[in-house]
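Q: Sequence:
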Amino acid sequence: MTIQNELDRPTWLALVGKRLQRWLGTVDRKSHWEEVYSTQSSHSHGWFQTRPDRSLEWVERFAPDPSAGVLDVGGGDSRLVDLLLERGYQDLTVLDLSGGALKRSRERLGSQADRVTWLEADVTKFRPTRHYNLWHDRAVFHFLITEEGRAGYKRALLEAVPAGGKVIIATFSPRGPRRCSGLPICRYSAETLARELGDGLELEGNQSEIHTTPGGQEQHFEFSEFRRV
Numbered sequence: 205m206t207i208q209n210e211l212d213r214p215t216w217l218a219l220v221g222k223r224l225q226r227w228l229g230t231v232d233r234k235s236h237w238e239e240v241y242s243t244q245s246s247h248s249h250g251w252f253q254t255r256p257d258r259s260l261e262w263v264e265r266f267a268p269d270p271s272a273g274v275l276d277v278g279g280g281d282s283r284l285v286d287l288l289l290e291r292g293y294q295d296l297t298v299l300d301l302s303g304g305a306l307k308r309s310r311e312r313l314g315s316q317a318d319r320v321t322w323l324e325a326d327v328t329k330f331r332p333t334r335h336y337n338l339w340h341d342r343a344v345f346h347f348l349i350t351e352e353g354r355a356g357y358k359r360a361l362l363e364a365v366p367a368g369g370k371v372i373i374a375t376f377s378p379r380g381p382r383r384c385s386g387l388p389i390c391r392y393s394a395e396t397l398a399r400e401l402g403d404g405l406e407l408e409g410n411q412s413e414i415h416t417t418p419g420g421q422e423q424h425f426e427f428s429e430f431r432r433v
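In my numbering, the protein residues as written are 205 to 433.
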């Protein structure tokens with residue numbers, strides 16, 4: 205075998221194994237995202253937005269009171285928290301599986317980072333200790349391809365958001381890609397997402413969005429709004 209001047213067989217097999225795990229969706233998610241944020245710049249990520257305007261618009265519409273408790277799930281390196289701070293929001297929490305992603309945001313915000321609660325946690329295992337008026341998730345739920353993962357997510361959501369609270373979830377739509385960051389995903393319309401989430405959440409609205417990646421590719425998203433009942 206002559207791969208890169210006799211690359212040692214265990215190393216080569218490990219690389220092949222990791223690629224296979226990503227393809228099948230069995231890779232350790234935390235290890236995957238820590239590697240992504242330790243080896244790639246923010247602007248190279250397909251999901252990167254200089255201004256997450258749709259998320260900002262919906263947060264301001266559904267939680268207009270700056271004192272509202274807002275939880276941004278998977279928002280580790282998102283600029284949404286920056287914009288909400290600029291608008292005077294006082295009770296912001298960002299949850300992300302990747303400590304590296306959270307570190308980037310804290311460093312970017314400088315002293316402003318002290319105004320935010322940062323949680324390094326797997327949302328599928330998250331047990332909230334308080335309630336939030338608004339749960340926001342742009343592009344986390346569609347990575348959960350197992351029943352166990354989706355069940356854990358739904359349990360956390362229902363514990364975190366009280367009756368009357370709002371939930372915003374954005375996923376790849378049925379016209380969106382089948383993979384992202386090398387991982388398989390599940391695509392949803394607003395209706396199929398509502399059925400997947402089940403009892404406890406009532407679909408109140410939805411809107412499609414075409415996101416253009418830093419590389420110029422179009423990705424079709426579906427933003428869905430729910431009320432906790």
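Honestly, the hints are just simulated from the structure, not real lab data. Owing to the predicted nature of the structure, the values given are computational and were not obtained by experimental measurement. Incorrect hints may appear among the rest.
[Claimed, not checked] Restraint ranges, calculated between C-beta atoms of paired labels, are given here:
{"id": "1", "residue 1": "E363", "residue 2": "G419", "range": "30 to 40 Å"}
{"id": "2", "residue 1": "S235", "residue 2": "T333", "range": "18 to 28 Å"}
{"id": "3", "residue 1": "G409", "residue 2": "T350", "range": "27 to 37 Å"}
{"id": "4", "residue 1": "K329", "residue 2": "D403", "range": "33 to 43 Å"}
{"id": "5", "residue 1": "S385", "residue 2": "T254", "range": "12 to 22 Å"}
{"id": "6", "residue 1": "D232", "residue 2": "E264", "range": "35 to 45 Å"}
[What the hints assert, rightly or not] As a list, the in silico PhoX-like pairs of lysine-lysine whose alpha-carbon atoms are at most 20 Å apart:
{"id": "7", "residue 1": "K358", "residue 2": "K329"}
{"id": "8", "residue 1": "K307", "residue 2": "K234"}
{"id": "9", "residue 1": "K329", "residue 2": "K234"}
Quick reminder that beta carbons are idealized off the backbone N, C-alpha and C, glycines included.
Q: Take the hints in turn and mark each one as holding or not.
A: Now for the hints, and whether the structure bears them out:
1. A C-beta distance of roughly 38 Å is found between E363 and G419, which places it inside the suggested range of 30 to 40 Å.
2. Restraint check, S235 to T333: a C-beta distance of roughly 26 Å satisfies the suggested window 18 to 28 Å.
3. A hinted range of 27 to 37 Å for the beta carbons of G409 and T350 is consistent with their spacing of about 28 Å.
4. Distance hint check: the CB atoms of K329 and D403 are about 22 Å apart, inconsistent with the given range 33 to 43 Å.
5. Taking 12 to 22 Å as the suggested C-beta distance range, the pair S385 and T254 conforms, at roughly 19 Å.
6. Range check, D232 to E264: Cβ separation about 36 Å, and the 35 to 45 Å hint holds.
7. Distance hint between K358 and K329 is fulfilled; the C-alpha atoms sit about 10 Å from each other, no more than 20 Å.
8. Of the pairs offered as hints, the one joining K307 and K234 holds, with about 15 Å between alpha carbons and a cut-off of 20 Å not exceeded.
9. Taking the CA atoms of K329 and K234, the gap is near 12 Å; set against the 20 Å cutoff, the hint holds.
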